[in-house]
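Engineer: What follows is the residue order along each chain.
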Amino acid sequence: MIRVALLVAGKDLRIERRSRVLLWQVVPFGVMALLLCGLALGPTQVGHSSAAPGLFYVVVVLVALLMINRSHGVEATPGTAASIATLGLDPAGVFLGKAAALAVELWLTGIVLLGGCVLVLHTGLRGTAEALPSVLVVLGAIAAAGTLYGALTTGGSGAATLLPVLSLPAFAPLLIAGEQSFHSALHGGALMEWWVISLVALAGYLAVGILLYGVLEES
Amino acid sequence: MSNEELPVVTLLGAVAMVNGFALLSGVDLSLPPSSLTVLVGANGAGKTSLLRLLAGLIGLTTGEGTVLGIDLARGDRRLLRRHIGWLGHEGSFYDDLSVTENLTFAAKALERPLDELGTVLERVGLSARRDTPAKQLSAGQRRRLGLAWLLLRRPELWLLDEPYASLDDAGRDFFDGLLGEVVARGATVVVSAHDPLRSELLNPTTLTMAGGRIVGRAT
Chain A
3 MIRVALLVAG
13 KDLRIERRSR
23 VLLWQVVPFG
33 VMALLLCGLA
43 LGPTQVGHSS
53 AAPGLFYVVV
63 VLVALLMINR
73 SHGVEATPGT
83 AASIATLGLD
93 PAGVFLGKAA
103 ALAVELWLTG
113 IVLLGGCVLV
123 LHTGLRGTAE
133 ALPSVLVVLG
143 AIAAAGTLYG
153 ALTTGGSGAA
163 TLLPVLSLPA
173 FAPLLIAGEQ
183 SFHSALHGGA
193 LMEWWVISLV
203 ALAGYLAVGI
213 LLYGVLEES
Chain B
-4 MSNEELPVVT
6 LLGAVAMVNG
16 FALLSGVDLS
26 LPPSSLTVLV
36 GANGAGKTSL
46 LRLLAGLIGL
56 TTGEGTVLGI
66 DLARGDRRLL
76 RRHIGWLGHE
86 GSFYDDLSVT
96 ENLTFAAKAL
106 ERPLDELGTV
116 LERVGLSARR
126 DTPAKQLSAG
136 QRRRLGLAWL
146 LLRRPELWLL
156 DEPYASLDDA
166 GRDFFDGLLG
176 EVVARGATVV
186 VSAHDPLRSE
196 LLNPTTLTMA
206 GGRIVGRAT
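Note that the protein sequences, when read in sequence, are chains A and B.
The opening position of the first sequence corresponds to residue 3 in the working numbering, with each subsequent residue numbered one higher.
The opening position of the second sequence corresponds to residue -4 in the working numbering, with each subsequent residue numbered one higher.
By construction, these hints were calculated from the structure, which means they are not laboratory data.
You may find that some hints are simply not true.
As the list claims (entries may be wrong) - Calculated cross-link-like contacts (lysine to any residue; reagent style SDA-like; alpha-carbon spacing at most 25 Å): (1) LYS103(B) with LEU213(A); (2) LYS103(B) with TRP26(A); (3) LYS130(B) with GLY181(B); (4) LYS103(B) with ARG19(A); (5) LYS130(B) with SER21(A); (6) LYS103(B) with ARG73(B); (7) LYS130(B) with GLY12(A); (8) LYS103(B) with SER122(B); (9) LYS103(B) with LYS130(B); (10) LYS130(B) with LEU15(A); (11) LYS103(B) with LEU89(A); (12) LYS103(B) with LEU218(A); (13) LYS103(B) with VAL217(A); (14) LYS130(B) with ALA78(A); (15) LYS103(B) with SER93(B); (16) LYS130(B) with GLU117(B); (17) LYS103(B) with ILE212(A); (18) LYS130(B) with VAL76(A); (19) LYS130(B) with LEU89(A); (20) LYS130(B) with LEU9(A); (21) LYS130(B) with LEU112(B); (22) LYS103(B) with THR56(B); (23) LYS103(B) with MET3(A); (24) LYS103(B) with GLY81(A); (25) LYS103(B) with SER21(A); (26) LYS130(B) with ARG20(A); (27) LYS130(B) with GLU77(A); (28) LYS130(B) with THR156(A); (29) LYS130(B) with TRP26(A); (30) LYS130(B) with GLU111(B); (31) LYS130(B) with GLU151(B); (32) LYS130(B) with LEU68(A); (33) LYS103(B) with ARG149(B).
Throw the hints in and build the complete structure from the sequences for me.
Structural biologist: Here you go:
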């Protein structure tokens, strides 16, 4: 399983490095969305820092949906899907590999967006840095959940619109935990508790993915 | 898995339905080891669907069938697919990866030694294109990359969906030579084509399909 996971993750990251979709399309889109949030809050800095965690995760969801569609899109062309299916790869390994690659991409994007929060939404540098571990865990959980839902919608009609409809309810608890922990890091609160909840969610989605990804692929 | 004495493929009244539509409507077929079979017929006759059924890419709805000793209705189709070589008429690999990277991924997935890559690339005439991204290959070169993927795999059953499409005369001759070789080495090959094979040296069994059934047979 681990061998297949490393193989698939390496392949997905290599494809991303070659195509540069993350660098030239997804990250700029996320930065622009964050900038628009800053503009929508108005010229004064009042309230920016309080709203920043929620706005950060709204932007994270938008870029995550783009990345999930992209991650599964490279497998979805009929010829490629058939050829890869005949490799007989362990589905648990495929799930872990795709989720790991997606997590790495989301972490890179998340770090850029956190920098954007400091510059555009005026979050304190220290509080933002303290939020980083919880942000990484929540983004990892979003990657795991997104990989599951991506497999569910890939190849179906209207996959690009079906994915957000199906996955947003699954993301909601993660977003709440993420927003609360980020807010706690900035303004004080139960940072550790929310961080632990995020870790449990990550473990849960990984376990479900390892068990069910093969069934989703076959269906 | 396969036995010299037993047919590689046995279908009896095989029906395959997808979304309520019958792709195959009662196919009877028996293919011996080390044989070449050509499926001919008009568009929509069921050639590709039959190949997909044999590859374990679609399920058997009713009827009976075994491929390489694995029951199509109740057996492990994932295990079956690992012994199949599939070449679709679409692209069969990752467009953003180079020729070598695509083959390396397949070799690692199948736990084949990487030192075979050079030989295989030379065999299909792609040595000079080893670092070229798959999306920059011509249609004929993409076919050759698909063939390299199959040569690396050394499958027991080759399923080739319109492999002659987009090939020039030299490419067709190369393909015919290769098919003759792999059949002589003991592999079973099934090819779909719009017309009977040009090369008389291959001496295939030609099955004519119409309406999801086999309606004619010639040797």
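Engineer: Enumerate the violated hints, using their earlier numbering and listing them in ascending order.
Structural biologist: 2, 3, 22, 31
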